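Line by line, the protein sequences are chains A and B. Take -16 as the starting number for the first sequence in this note's numbering and just add one per residue. Take 325 as the starting number for the second sequence in this note's numbering and just add one per residue.
There's no promise every hint is true.
[As the list claims (entries may be wrong)] Over 10 Å on every C-beta distance to chain A, these chain B residues come out as not near it, computed from the model:
| hint | residue |
| --- | --- |
| 1 | G333 |
| 2 | T389 |
| 3 | N503 |
| 4 | T540 |
[Claimed, not checked] With the Cβ distance kept under 8 Å, some of the chain A side facing chain B (calculated, not the full set):
| hint | residue |
| --- | --- |
| 5 | R150 |
| 6 | V151 |
| 7 | G153 |
| 8 | L195 |
Calculated from the structure, these hints are not laboratory results. As the structure is a computational prediction, the values presented were derived from the model and not from experiment. Glycine residues also receive a C-beta, built at the ideal position from the N, C-alpha and C atoms.
Residue-level listing of the chains:
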Amino acid sequence: MSIITDLATYSFLQRALLGGIAIALCCALLGTILVLRRLSLIGEGIAHLAFGGLAVGIYLGVPPIASALVVAILGSLWVQRIVARAQVYADAAIAVIIATGLSTGIILIGVAKGFTVDLFSYLFGSILTLGVTDVWLCLAALALVAVFIATQYRRLVLITFNEELARVQGVPVERITAALAVLTACAVIVAMRAVGILLVSALLVLPALCALQVSRSFAHTLLLATCISLCSVVVGTLLAFSFNIPVGGAIVALLVLAFAGTLGWRRLRSTAGGSRV
Amino acid sequence: MAKATGKGGAALAFSHVSFSYGEQRVLDDVSFEIPEGEYVAVIGPNGAGKTTLIKLALGLLSPDTGAIEVLGTPRERFSDFGAIAYIPQQYSVDRNFPGTVEEILSLQKGENPASVASSLDIKPYLRKKFSELSGGQQQRVLIALALLRKPRLLVCDEPEAGVDAKGQHKFYALLRRLNESGITIIVVSHDIGVVEKNVRRVLCINRSVCYFGKSTDTRTLLRKAYGEAFGHVHHH
Chain A
-16 MSIITDLATY
-6 SFLQRALLGG
4 IAIALCCALL
14 GTILVLRRLS
24 LIGEGIAHLA
34 FGGLAVGIYL
44 GVPPIASALV
54 VAILGSLWVQ
64 RIVARAQVYA
74 DAAIAVIIAT
84 GLSTGIILIG
94 VAKGFTVDLF
104 SYLFGSILTL
114 GVTDVWLCLA
124 ALALVAVFIA
134 TQYRRLVLIT
144 FNEELARVQG
154 VPVERITAAL
164 AVLTACAVIV
174 AMRAVGILLV
184 SALLVLPALC
194 ALQVSRSFAH
204 TLLLATCISL
214 CSVVVGTLLA
224 FSFNIPVGGA
234 IVALLVLAFA
244 GTLGWRRLRS
254 TAGGSRV
Chain B
325 MAKATGKGGA
335 ALAFSHVSFS
345 YGEQRVLDDV
355 SFEIPEGEYV
365 AVIGPNGAGK
375 TTLIKLALGL
385 LSPDTGAIEV
395 LGTPRERFSD
405 FGAIAYIPQQ
415 YSVDRNFPGT
425 VEEILSLQKG
435 ENPASVASSL
445 DIKPYLRKKF
455 SELSGGQQQR
465 VLIALALLRK
475 PRLLVCDEPE
485 AGVDAKGQHK
495 FYALLRRLNE
505 SGITIIVVSH
515 DIGVVEKNVR
525 RVLCINRSVC
535 YFGKSTDTRT
545 LLRKAYGEAF
555 GHVHHH
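Turn these sequences into a full structure, and let the hints guide you.
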């Protein structure tokens, strides 16, 4: 009952939940495609690159979110480009952007002492501090992701099923992958305010992994992933508020529990059925 | 240029095509022409350039030099994607793909999915996940997906992989029926025994040499391309 009263009373809690719902939906929809395309770690890479972008923004006195967004988008497009040209493996390219982002951030922290507090707030995040502008940014990111998934659904499923088959059918795989990379960068930037740079990839990957253990179809996987993500963000935020614990940690801990639960459920079902599921 | 007589224009024509992966030359000045309406197997051992040849034909790779024509149109200008269907190797499909057969068939606009599913005997598992099917069942789903496009040219990459002998027999019988209905069929294979029994013609490839002939002459063509020893091996 007190949670409902708090929700009605505190506007920051309302903003947190609204922004959190938008972030949860964004990450679950994109994350499912990324996991199935073996790009699970791209969120991690972009988040670390965003760390460097934030540091540059704070150092130069420009809005850090803007600088982080530009750096994240450029970095994600670069990864997509070099992987498409088969110059390096995707995981190796992601390792490079993680190193680039972190080293840039660390150098700037060393050069300009004094802004570490600002930067560390992004490292760990807090959804309870979302402002009105942040919420609008989250909703804008959700709108972009929703339009992308709705208009490109058939092509995305085909690319995920077999990329060569999609190319033979005239699907512009490079353009769609680039759009996916840019949207992932946007989602990472808004999600890092909620769970922090260090945990943002969990929000992309874990809902999809949970859903894949128990889903019955592609559409069911997307639906389950969004439900799991939504529940973990809403429940995690309210738990964090009630028990005064870090929000990002609470959300991701719930997702890890959900993953353990779905994995266990799959094993039970497989044992009962006598076959691999 | 290796060429077979046929009833129409060329379904696929390579003219002095060369391709390298980095420093390694895989195809060297290869020329051939497959007429429309043919039922051809591209044969040769691993590393002969079979899959590269098919990827070039499908536009998945671009040649270093030379020209490729598909259904009478230069490959780089080809845009009638509905006219070509491709059946990839089952192993190239992600084993964790969560989609059902029904979802996969719905990816393709064209022929009525229900009638194609019915003709290929896959109706009973439309609601099943693709990853839960046997090799033969998965192959039938991939064929159904290809047929929904009502193609003029059907390209299959190593259809024997992961399918038992009975499944292979059914598959090649289906290909023969499709060919008789007017579809040009190109099958990549390294199984000489299966090829001899099933297809009409073979394109035997060895990097820079290309021989085109009747499937009954497969071993002779292979000996010409690879030397005396080859006609006696690779019978699966």
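We went through each hint and held it up to the structure:
| no. | hint | verdict |
| --- | --- | --- |
| 1 | G333 | holds, 21 Å |
| 2 | T389 | holds, 20 Å |
| 3 | N503 | holds, 20 Å |
| 4 | T540 | holds, 31 Å |
| 5 | R150 | holds, 6 Å |
| 6 | V151 | holds, 4 Å |
| 7 | G153 | holds, 4 Å |
| 8 | L195 | holds, 6 Å |
In this structure, none of the earlier numbered hints is contradicted; all agree with it.
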